[in-house]
Amino acid sequence: MHKRGLGFYARIYRKILIQDLKSKMSYRADFIISTFGMIMTNLSGFITFMILFHNFPTINGWDYYHMLFLYGFSLVALTPVQCFFDNNWNLRFMVQSGDFIKYCFRPVNVFFYFISEVFDVKGLGQLAFGIGTIIYAWIKIGIPVTPLVIGKLIVFLLTASLFMIALMNFAAATCFWIKGSGYVMVIMFRFKDFAKYPSSIFEGIFKIIFTFIIPIAFIAYYPSLVILTPDNVPLLSWISPLYGILFVFLSYKFWMLGVRKYDFTGS
Amino acid sequence: MNPKRLLAITRAGIMESLHFRLGIFVTLFANLIYLVLVYYLWKAIYASSGTTVVNGMTFEDTMIYLILATALFNFLEMFVVWDMSRSIQSGKIVLDLLKPMRFRKYTFWSYTGNHIVQFVLTFIPTFVVVMIVTKGAIPMGLNLVWFLAATVIALMINYNIEMLIAPICFFTESTWGVNIVKETIVLLLSGATIPLAFFPEKARMVVSYLPFRAVYDIPLSILLGKNGSDTWQGLVSLFALQLAWLLVLTLAGNLFWNSAVKKVTVNGG
Numbered sequence: 001m002h003k004r005g006l007g008f009y010a011r012i013y014r015k016i017l018i019q020d021l022k023s024k025m026s027y028r029a030d031f032i033i034s035t036f037g038m039i040m041t042n043l044s045g046f047i048t049f050m051i052l053f054h055n056f057p058t059i060n061g062w063d064y065y066h067m068l069f070l071y072g073f074s075l076v077a078l079t080p081v082q083c084f085f086d087n088n089w090n091l092r093f094m095v096q097s098g099d100f101i102k103y104c105f106r107p108v109n110v111f112f113y114f115i116s117e118v119f120d121v122k123g124l125g126q127l128a129f130g131i132g133t134i135i136y137a138w139i140k141i142g143i144p145v146t147p148l149v150i151g152k153l154i155v156f157l158l159t160a161s162l163f164m165i166a167l168m169n170f171a172a173a174t175c176f177w178i179k180g181s182g183y184v185m186v187i188m189f190r191f192k193d194f195a196k197y198p199s200s201i202f203e204g205i206f207k208i209i210f211t212f213i214i215p216i217a218f219i220a221y222y223p224s225l226v227i228l229t230p231d232n233v234p235l236l237s238w239i240s241p242l243y244g245i246l247f248v249f250l251s252y253k254f255w256m257l258g259v260r261k262y263d264f265t266g267s
Numbered sequence: 268m269n270p271k272r273l274l275a276i277t278r279a280g281i282m283e284s285l286h287f288r289l290g291i292f293v294t295l296f297a298n299l300i301y302l303v304l305v306y307y308l309w310k311a312i313y314a315s316s317g318t319t320v321v322n323g324m325t326f327e328d329t330m331i332y333l334i335l336a337t338a339l340f341n342f343l344e345m346f347v348v349w350d351m352s353r354s355i356q357s358g359k360i361v362l363d364l365l366k367p368m369r370f371r372k373y374t375f376w377s378y379t380g381n382h383i384v385q386f387v388l389t390f391i392p393t394f395v396v397v398m399i400v401t402k403g404a405i406p407m408g409l410n411l412v413w414f415l416a417a418t419v420i421a422l423m424i425n426y427n428i429e430m431l432i433a434p435i436c437f438f439t440e441s442t443w444g445v446n447i448v449k450e451t452i453v454l455l456l457s458g459a460t461i462p463l464a465f466f467p468e469k470a471r472m473v474v475s476y477l478p479f480r481a482v483y484d485i486p487l488s489i490l491l492g493k494n495g496s497d498t499w500q501g502l503v504s505l506f507a508l509q510l511a512w513l514l515v516l517t518l519a520g521n522l523f524w525n526s527a528v529k530k531v532t533v534n535g536g
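If you're matching them up, the sequences are chains H and L in order.
Counting with this note's numbering, you get residues 1 to 267 for the letters of the first sequence.
Counting with this note's numbering, you get residues 268 to 536 for the letters of the second sequence.
Careful, some of the hints might be misleading.
Unchecked claim - Straight line, CA to CA, 25 Å or less: simulated DSS-like cross-link-like pairs of lysine-lysine:
(1) L/Lys530 <-> L/Lys449
(2) L/Lys449 <-> H/Lys24
(3) H/Lys140 <-> H/Lys152
(4) H/Lys179 <-> H/Lys261
(5) L/Lys449 <-> H/Lys192
(6) L/Lys402 <-> L/Lys469
(7) H/Lys102 <-> H/Lys179
(8) H/Lys24 <-> H/Lys102
(9) H/Lys207 <-> L/Lys310
(10) H/Lys192 <-> L/Lys310
(11) H/Lys22 <-> H/Lys102
(12) L/Lys359 <-> H/Lys24
(13) L/Lys359 <-> L/Lys469
(14) H/Lys102 <-> L/Lys449
(15) L/Lys359 <-> H/Lys179
(16) H/Lys102 <-> H/Lys253
(17) L/Lys372 <-> L/Lys469
(18) L/Lys402 <-> L/Lys372
(19) H/Lys24 <-> L/Lys310
To be verified - Pulled a few chain L residues facing chain H out of the computed Cβ check, cut under 7 Å:
(20) Val293
(21) Thr294
(22) Tyr301
(23) Leu304
(24) Ile312
(25) Phe437
(26) Thr439
(27) Trp443
(28) Ile447
(29) Thr451
(30) Thr460
(31) Ile461
(32) Ala464
(33) Pro467
Unchecked claim - A short list of chain L residues far from chain H (calculated; beta carbon distances all over 12 Å):
(34) Leu274
(35) Asp363
(36) Arg369
(37) Ser377
(38) Phe394
(39) Ala404
(40) Pro434
If you are wondering where the hints come from, they were derived from the structure by calculation, not from laboratory data.
All values derive from a computational prediction rather than experimental measurement.
Every residue, glycine too, gets a C-beta built ideally from N, C-alpha and C.
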C-alpha cells in the first residue's frame, strides 16, 4: 500500500464520523441509556473513592485533594481511548464471524479504517467529569495558573492517554490468536481503575511490571507529577511522552501482525 | 420437565465453555495480576491508616474477602444481557423462543454448565491458593457447606437479576448502556469492589437489605464467619434474606418476561 498524506486520512475520518453519528441518532433510547450508564460508572468510581477516604484519610502520603487531582487526571487521560478507540471492543466478534474481512479490502490502512468507524460520544461525559474534578482539586491545592503550567498539563494529559490506547490495542488484538479472549479486554479495562492511585504503592518486581510492561503507572501517576510536584519531577515523567509513542507504535505493529495472521487463516 | 433433558443442556454448556480452554487460562493469569494490584493498594491503605483493624476488618480479612469476591465474580459472571441483545439484533432470538422449552429455563441450564466449569477451573484453584497462603485464616468446618448453599442461591439470584434486566433490551434496543448500568450497580452495592464493612453506617444499613448483597457479600460473610454468621440465628437470617429476594426476583422476572416477550420486534432475522 502506498503512503497517503495526513490530509487524506483526516478527510476520510470526518466522513466516516458523520456516518457513524447519523446511525447513532437513529437509536435515541440507546444513546440516552448509554450516557446514563457512563455517568453511573463515573459516579460509582467516585463513590468508591469517597468511601475509601471516609475510612482512610491519607493513602501512601497522598492527601485527599492530591488524590482527587490524580483521579481527575486519569479520567481525562482515559477519554481518548473511550471516544476514538471504542471499536476495539467489537474486534473479536468481527474476527469470529468473518465480517472483519471487509476492512482488508479497502485501499486505506486497515487499523485506521477499523478504528475510525466508531466514535463514542458518551466518553465526552467522562471528559467533563474529569475536567471538573481537576479544576476543583487544582483550586484546593493552590497550583498557580500560568500559561506554562496549562501547556504542560495539556501535553502530559495527551501523553498519559497514549498508554491506555496502546494497552487496549494489545488486548483487543489477542483475539486474532485466542478464542474467547473477551476477558482479556475486560480485565485490562479494569486495570485502569488502579491508575488513579499513586504508583508508589508498588514494590519490587511489580513496580517494574506496572511501570514498563503493563504501564499503569504512566496512565496518570508519572505524567501528573509534572504538575503536582514541579520541583521534584522524576526522570520517568519527562521520558513518558517518548515511551508513550513507542508503546502505541508497538501496539499498532502487534495489531497489524494479527491482521496478517487473520489473512492466512482465510476464514 | 425431564431431568435427563436438563442434564443434556448442562452438558452442552460444559462442552461449550471447555472449548475455550486457552481463554480460561488467560483469565486465570490476568486475574492473578489484578489481585496483585488489589494487594498493593490495600497494603498501602492499611499502612497509611496506622491501625491494624478498620471496621472490624484486618488487612488479611480484607484481602481474603476481595480475592474471593473476584473469584466469585468470574464464576458468577453471566452474559445473558449481552447474548440476548445480540440475538435480538441478529434475529436469532426467534429460534430460541421457538424451542420446545421455556426460554428462561433453557438459558439457566445451559449457563449452569458454564458455571460448573468456571467453579472448578477458577474458583477452586483460587480458594486453595488463598487457603495455603493465609494458613488457616479461613475457618474450616460446616461453614464450607453453608457457603456452597449460599453460592448456589447467589447464582440463582444473579441469574434472576440478569433476566429482569435483559428484556429491557426488547424495548430500548440498547445493549451497552443497560448492561453497564446493571454491572456498575451490582458490583458497587454487592461489596465486590469494596467490602460492605467500609461503607458509612447509614449507607450500609440500606445496602444490607438490597438484593445485590445476597450475590457476593452473604456467601463470603458465611465463609469467613463474619456478620454474625457463626451463630445459628445469624446464619438463618442471612439465608432468609437470600431466599426472600430469590422469591421476589423470580416472580418479578417471570411477570416481566412474559409481558416483554410479546413486544419483541426483530428487524430482518
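Evaluation of the provided hints:
1. L/Lys530 <-> L/Lys449: OK: L/Lys530 and L/Lys449 at ~22 Å, within 25 Å.
2. L/Lys449 <-> H/Lys24: Judged against 25 Å, a Cα distance of about 22 Å means the pair holds.
3. H/Lys140 <-> H/Lys152: This hinted pair holds, its Cα atoms lying about 19 Å apart.
4. H/Lys179 <-> H/Lys261: The hint holds at about 14 Å.
5. L/Lys449 <-> H/Lys192: 20 Å, holds
6. L/Lys402 <-> L/Lys469: Distance of about 35 Å is beyond 25 Å: violated.
7. H/Lys102 <-> H/Lys179: 20 Å, holds
8. H/Lys24 <-> H/Lys102: 21 Å, holds
9. H/Lys207 <-> L/Lys310: 14 Å, holds
10. H/Lys192 <-> L/Lys310: 19 Å, holds
11. H/Lys22 <-> H/Lys102: 21 Å, holds
12. L/Lys359 <-> H/Lys24: Between L/Lys359 and H/Lys24 the Cα gap is close to 23 Å, so the pair holds against 25 Å.
13. L/Lys359 <-> L/Lys469: 46 Å, violated
14. H/Lys102 <-> L/Lys449: 34 Å, violated
15. L/Lys359 <-> H/Lys179: 22 Å, holds
16. H/Lys102 <-> H/Lys253: 20 Å, holds
17. L/Lys372 <-> L/Lys469: With a Cα-Cα distance of about 38 Å, the restraint between L/Lys372 and L/Lys469 is violated, given a limit of 25 Å.
18. L/Lys402 <-> L/Lys372: 41 Å, violated
19. H/Lys24 <-> L/Lys310: With a Cα-Cα distance of about 44 Å, the restraint between H/Lys24 and L/Lys310 is violated, given a limit of 25 Å.
20. Val293: 6 Å, holds
21. Thr294: Holds, because the Cβ-Cβ distance from L/Thr294 to chain H comes to roughly 5 Å (cut-off 7 Å).
22. Tyr301: 6 Å, holds
23. Leu304: 5 Å, holds
24. Ile312: 5 Å, holds
25. Phe437: Not OK, violated: L/Phe437 not within 7 Å of chain H, min 11 Å.
26. Thr439: 4 Å, holds
27. Trp443: 6 Å, holds
28. Ile447: 4 Å, holds
29. Thr451: 5 Å, holds
30. Thr460: 6 Å, holds
31. Ile461: 5 Å, holds
32. Ala464: L/Ala464 check fails; min Cβ-Cβ to chain H is 9 Å, beyond 7 Å.
33. Pro467: The hint holds - L/Pro467 has a Cβ within 7 Å of chain H, the shortest such distance being about 6 Å.
34. Leu274: 24 Å, holds
35. Asp363: 18 Å, holds
36. Arg369: 27 Å, holds
37. Ser377: 16 Å, holds
38. Phe394: 19 Å, holds
39. Ala404: At roughly 21 Å from the nearest Cβ of chain H, L/Ala404 sits farther out than 12 Å, so the non-interface label holds.
40. Pro434: Its Cβ never comes within 12 Å of chain H, the nearest being 14 Å, so this holds.
Of the numbered hints listed earlier, those contradicted by the structure are 6, 13, 14, 17, 18, 19, 25 and 32.
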